[in-house]
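Engineer: This is what each chain is made of:
Number of protein chains: 2
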Amino acid sequence: MNKKGLLLVFSGPSGVGKGTVLKEYLKAHPNTAFSVSATTRSPREGEVHGRHYFFLSHEEFQSLIEKKGFLEHAQFAGNHYGTPRKAVEESLEKGIDVVLEIEVQGALQVKNQNPDAVLVFVMPPSFEELHRRLAGRGTEDAATVERRLSNAAREMEAAKQYDYIIVNQTVEEAASQLEQIVCAAKHTAGYLNEFIEEVEDDAKTCCK
Amino acid sequence: MNKKGLLLVFSGPSGVGKGTVLKEYLKAHPNTAFSVSATTRSPREGEVHGRHYFFLSHEEFQSLIEKKGFLEHAQFAGNHYGTPRKAVEESLEKGIDVVLEIEVQGALQVKNQNPDAVLVFVMPPSFEELHRRLAGRGTEDAATVERRLSNAAREMEAAKQYDYIIVNQTVEEAASQLEQIVCAAKHTAGYLNEFIEEVEDDAKTCCK
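Going line by line, the protein sequences match chains Y and F.
Residue numbering for the first sequence follows our numbering, starting at 1 and increasing by one per position.
Residue numbering for the second sequence follows our numbering, starting at 1 and increasing by one per position.
Wrong hints could be hidden among the right ones.
To be verified - Calculated cross-link-like contacts (lysine to aspartate or glutamate; reagent style EDC-like; alpha-carbon spacing at most 16 Å):
1. Lys160(Y) to Asp201(F)
2. Lys186(F) to Glu179(Y)
3. Lys160(Y) to Glu200(F)
4. Lys186(Y) to Asp163(F)
5. Lys160(F) to Glu198(Y)
6. Lys186(F) to Asp163(Y)
7. Lys160(F) to Glu179(Y)
8. Lys160(Y) to Glu173(F)
9. Lys204(Y) to Glu128(F)
10. Lys204(F) to Glu157(Y)
11. Lys160(F) to Glu197(Y)
12. Lys160(Y) to Glu197(F)
13. Lys186(Y) to Glu173(F)
14. Lys160(F) to Glu194(Y)
15. Lys160(Y) to Glu198(F)
16. Lys160(Y) to Glu194(F)
17. Lys204(Y) to Glu140(F)
18. Lys204(F) to Glu129(Y)
19. Lys160(F) to Glu93(Y)
20. Lys204(Y) to Glu194(F)
21. Lys204(F) to Glu128(Y)
22. Lys160(F) to Glu200(Y)
23. Lys186(F) to Glu173(Y)
24. Lys204(Y) to Glu129(F)
25. Lys204(Y) to Glu157(F)
What the hints assert, rightly or not - Simulated coverage check for chain F against chain Y, where a stretch passes if three residues somewhere in it have a Cβ under 8 Å from a Cβ of chain Y:
26. 114–126
27. 153–163
28. 178–187
What the hints assert, rightly or not - To give a feel for the contact side, a few chain F residues facing chain Y, derived at Cβ under 8 Å:
29. Leu92
30. Ile166
31. Ile196
32. Val199
33. Asp202
34. Ala203
35. Lys204
It is worth saying that the hints were derived from the structure and are not from the lab.
For glycine and all other residues, C-beta sits at the position ideal for the given N, C-alpha and C.
Between the sequences and the hints, there should be enough to build the whole structure, so can you do that?
Structural biologist: Given below as structure tokens:
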């Protein structure tokens, strides 16, 4: 049987609650590795190097790009963000599932390079509900909410290019959907390719 | 949300136990419809028209082919077998999942016509195990077992063209894998296409 871990890419618009869903899933699956991104932006208060992000200088980031040290990388508002390749590949080889929580642009880069990666997009039950959730935080003014909604609309245009869609009605339901998706993804013909070939080879030897 | 039923195509080599797995799944999901095939072969003892098969004459079968009345049809050992289209499409429209238990050749025809169909192939844990299961029935002589094994080897060559693979270790485990696959298949971007478009349209109206 295939012993390689599953590469899971998790995206969704800001405010949809994808971080909470992922936290719930990881609590139930502590053996799954969460990939820590690298960035050139400055740490915010409370952010810990190596836990929230690897905070790199522009030179360090550029040098890693040149060494093909990123699975994907992208630029937002003048800062670079990227997924360090080595830790991800080592975990997968050991049979450990790895989750990346990244933007649409990076997700499609990953799929392009690793067709076996499973792309999951978290959607709100409706656009009105996303509006309510963003406004309901109460921490942002109307203009910020509008800007986030408009970003969300743009991000959701990529949903169709993802493999699976989770509709986040409740956190528990969404985490359980993710669980089913991970199990099913480990039963695709692509993931079980080596196993299929083994059985086929035995069949050939036996039935010649 | 998408209310259309899922079209599930179930195949696997003779002796792998796919009928038993399906029976276990259908017991837990009595709302799923099982498609009864049509055939030109004669009923065996105990077989009931409309339950095990629709037994048709060659003329009736040919006339249904001409009216495009089959989702798929194929010929084995001089007899025709086919899936009547109407009952399947009516159930799907009503939001009822439909299972077809058919051969590889027909399964690939269905996928070709209905890219949304989910193809599931049941494999034995190993080829030796399939040998044991076929021989263990004790109802067939060695030559028959050899012929079935050789058929199984040929059938399994198509496994890679299926969407999902179930490895039948135990019936309960295999039925539960099928359950997860059905749930995940209802969360693909293809299946949820209408829902995605609805949310996108709302987003456009809201953010213009």
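Engineer: It remains to establish, for every hint, whether it holds in the given structure.
Structural biologist: Hints, verified against the model:
no. : hint                   : result
1   : Lys160(Y) to Asp201(F) : holds (14 Å)
2   : Lys186(F) to Glu179(Y) : holds (14 Å)
3   : Lys160(Y) to Glu200(F) : holds (11 Å)
4   : Lys186(Y) to Asp163(F) : holds (11 Å)
5   : Lys160(F) to Glu198(Y) : holds (12 Å)
6   : Lys186(F) to Asp163(Y) : holds (11 Å)
7   : Lys160(F) to Glu179(Y) : violated (24 Å)
8   : Lys160(Y) to Glu173(F) : violated (31 Å)
9   : Lys204(Y) to Glu128(F) : holds (12 Å)
10  : Lys204(F) to Glu157(Y) : holds (10 Å)
11  : Lys160(F) to Glu197(Y) : holds (9 Å)
12  : Lys160(Y) to Glu197(F) : holds (9 Å)
13  : Lys186(Y) to Glu173(F) : holds (14 Å)
14  : Lys160(F) to Glu194(Y) : holds (10 Å)
15  : Lys160(Y) to Glu198(F) : holds (12 Å)
16  : Lys160(Y) to Glu194(F) : holds (10 Å)
17  : Lys204(Y) to Glu140(F) : violated (22 Å)
18  : Lys204(F) to Glu129(Y) : holds (15 Å)
19  : Lys160(F) to Glu93(Y)  : violated (22 Å)
20  : Lys204(Y) to Glu194(F) : violated (45 Å)
21  : Lys204(F) to Glu128(Y) : holds (12 Å)
22  : Lys160(F) to Glu200(Y) : holds (11 Å)
23  : Lys186(F) to Glu173(Y) : holds (14 Å)
24  : Lys204(Y) to Glu129(F) : holds (15 Å)
25  : Lys204(Y) to Glu157(F) : holds (10 Å)
26  : 114–126                : holds (count 4)
27  : 153–163                : holds (count 8)
28  : 178–187                : holds (count 6)
29  : Leu92                  : violated (20 Å)
30  : Ile166                 : holds (6 Å)
31  : Ile196                 : holds (5 Å)
32  : Val199                 : holds (5 Å)
33  : Asp202                 : holds (4 Å)
34  : Ala203                 : holds (4 Å)
35  : Lys204                 : holds (7 Å)
When each numbered hint is compared with the structure, violations occur for hints 7, 8, 17, 19, 20 and 29.
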